[in-house]
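Visitor: Here's the letter readout for the chains.
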Amino acid sequence: MSYKLTYFDFKGRGEAIRLLLATAGVKFADDRVKLENWPSIKPHTPWEMVPVLHVGDRSLSQSLTICRYIARKFKLMGANEWEASKCDEYAETINDLYLEWIKFNFEADPDKKAELKNAFLTTLVPKYLIKLNTLQSNNGGNFLVGNTLTWADIFVADKLQTFEDTVDQGVLNEYPHLRKMKDAVFAEPRIKAYIEGR
Amino acid sequence: MAQYKIIYFGIKGRAEAFRMIFSVADVKYEDVIIKSGDWPAYKQSTPWGQLPLLEVDRKQLAQSSTICRYLGRQFNLCGENPWESAKCDEYVDATNDLIEEWVGFTFLETDEAKKAERKAKFIATLIPNCFSKLESIKEKNGGDFLVGKKLTWADINVADKLQIIEDDVDPTVLEGYPNLKKFKNAVLSLPKIKAYVEKSGYSYKGLENNLGE
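These protein sequence lines are chains S and Y, in that order.
The UniProt record's numbering applies: residue 1 is where the first sequence begins, and numbers increase by one.
The UniProt record's numbering applies: residue 1 is where the second sequence begins, and numbers increase by one.
Rather than coming from a laboratory, the hints here were simulated on the basis of the structure.
Quick caveat, the model's predicted, so the values are computed rather than measured.
Glycine included, each C-beta is placed from N, C-alpha and C at the ideal position.
Be a bit skeptical, because a hint or two may be false.
[Said to hold, decoys possible] Which chain Y residues face chain S? A few, computed with CB under 7 Å, are given here: (1) Arg58; (2) Thr66; (3) Asn81; (4) Pro82; (5) Glu90; (6) Asp97; (7) Leu98; (8) Lys133; (9) Glu135; (10) Pro178; (11) Gly201; (12) Tyr204.
So here's chain Y without its partners, still in its complex pose:
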């Protein structure tokens, strides 16, 4: 069995989806936490000056979507055929833009007026644009999942993003999207994922400054 390590900060952030994938797959990993004070020195030794990293038998992989997809493939959580795998990619990519904007105004934007403006636009325009399409995709697919009939890494990745937005932006954000709400709850209440989340105690925030960069 390969030796896995997740190297990240002590928050949910960009590593939470990986941790949930490991929990569903029932695969052990070492959760290496870099403290924010240690980051400036540690940064130099990382491939791209960023976290998270996945270490597999001492080889490192970077880029959170890449890592998620790799784990999805390794643990058979990537759809039943190439088209379904591509649909996993598509839905993750489509929701990445939304999360990147959330990261932008939440952690990177220093101008308070601009921050408020971006958040307002996020709620009024970006969320509805993305969620309405995802809602219709979920509705058409039937069942509990976004792609095909089985759980994929895309379900975990997207459910995590929906939870972030619900927790940090608007607790009622999924009210207009019943299929997405049902989907998110279904994924996050899968026994192994639920057990992991209850045990982990990480939150979505908790770093003093923009350390994801």
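Isolated chain S (complex conformation):
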């Protein structure tokens, strides 16, 4: 079965999928679209959006849908249906925060951007990460759900890394359990190997 991921040539919504495919040990074609080529490729995508995962001759859109499909297929979504739903819940929650990050990151006006950055760090980050940090702590171990690595850990770790890289290196200072989870994810051998080979 052939896998191809079509996405832009940056992390964005594609990176979590790449990390997940790497964790699953799945060879895939990493079809990176340059922004200048996007207008010609866009009409050929099902929803005029990327990422798109091509599985054989069929395609799947929507980044969380793609993550969940891979996770289910390669057993990275917990030990039972309840844990699978907890993966969904946490991924969708961090996705809400990521949508707020998008507003900040792509703001062109520097004054508005500074304002958004402040709101992101002082209001939005605590709103989501205090609870997520507590959940991780209560779960014990290195992971968010159950006893093993799930796609939720990978998805959340990827987004937290983005916030660290683009907003504030110290964004996880007050959320040590999330930092521990993120570090554990990026220390997973297959993820480490994928990043080093990128």
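Here the structure of chain S is known, so what remains is to put chain Y in place on it, guided by the hints.
Guide: This is chain Y only, laid out in the frame that chain S set:
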């Protein structure tokens, strides 16, 4: 049998699809209504400061798409194989963006000029972009449903969203999309869903302010 509770406000909102799923599955649940006046205090006790919540044997699940999908799986309304399940997810996700924008300009936007602008763009651009693709998907699938040959949670979720937009934005919005119109009517006139809707009396609006947050 598990004990189910839906915890939400007394409106259709983000819980209506769940209530319809329970009705189709013929499964009892407790419909716990939080009054808007009680919300500020109740909020503190919720996992993420938001509703709806699904309680299953006293464990709680949050995020409306997550809850819908969980119920879909529990009641065998999630397609016949992993690919069909993923297609359910895809269509729900693809229509979520549209609904989130509707929520944005309808309930969250305070600037009247901006509100009008967003609504205009919604009608002129966002709806056609989404509906045209969904129309073609529906047409290609044949039958009454979006995915495969049987009812899925995605049908209920998406039909509910189409109804919201028809009720609140433009009653003629589905005129250019005959397959979607037929699909929505087919889902909402399934006997158990119809019976639930006629009995429930909830509407899509009715909260004084932005309480979904």
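Visitor: Run every hint past the structure and note whether it holds.
Guide: Here is how each hint holds up against the structure:
no.	hint	result
1	Arg58	12 Å, violated
2	Thr66	4 Å, holds
3	Asn81	11 Å, violated
4	Pro82	6 Å, holds
5	Glu90	5 Å, holds
6	Asp97	9 Å, violated
7	Leu98	11 Å, violated
8	Lys133	6 Å, holds
9	Glu135	13 Å, violated
10	Pro178	20 Å, violated
11	Gly201	29 Å, violated
12	Tyr204	22 Å, violated
Hints 1, 3, 6, 7, 9, 10, 11, 12 from the list above are not met by this structure, while the remaining hints are.
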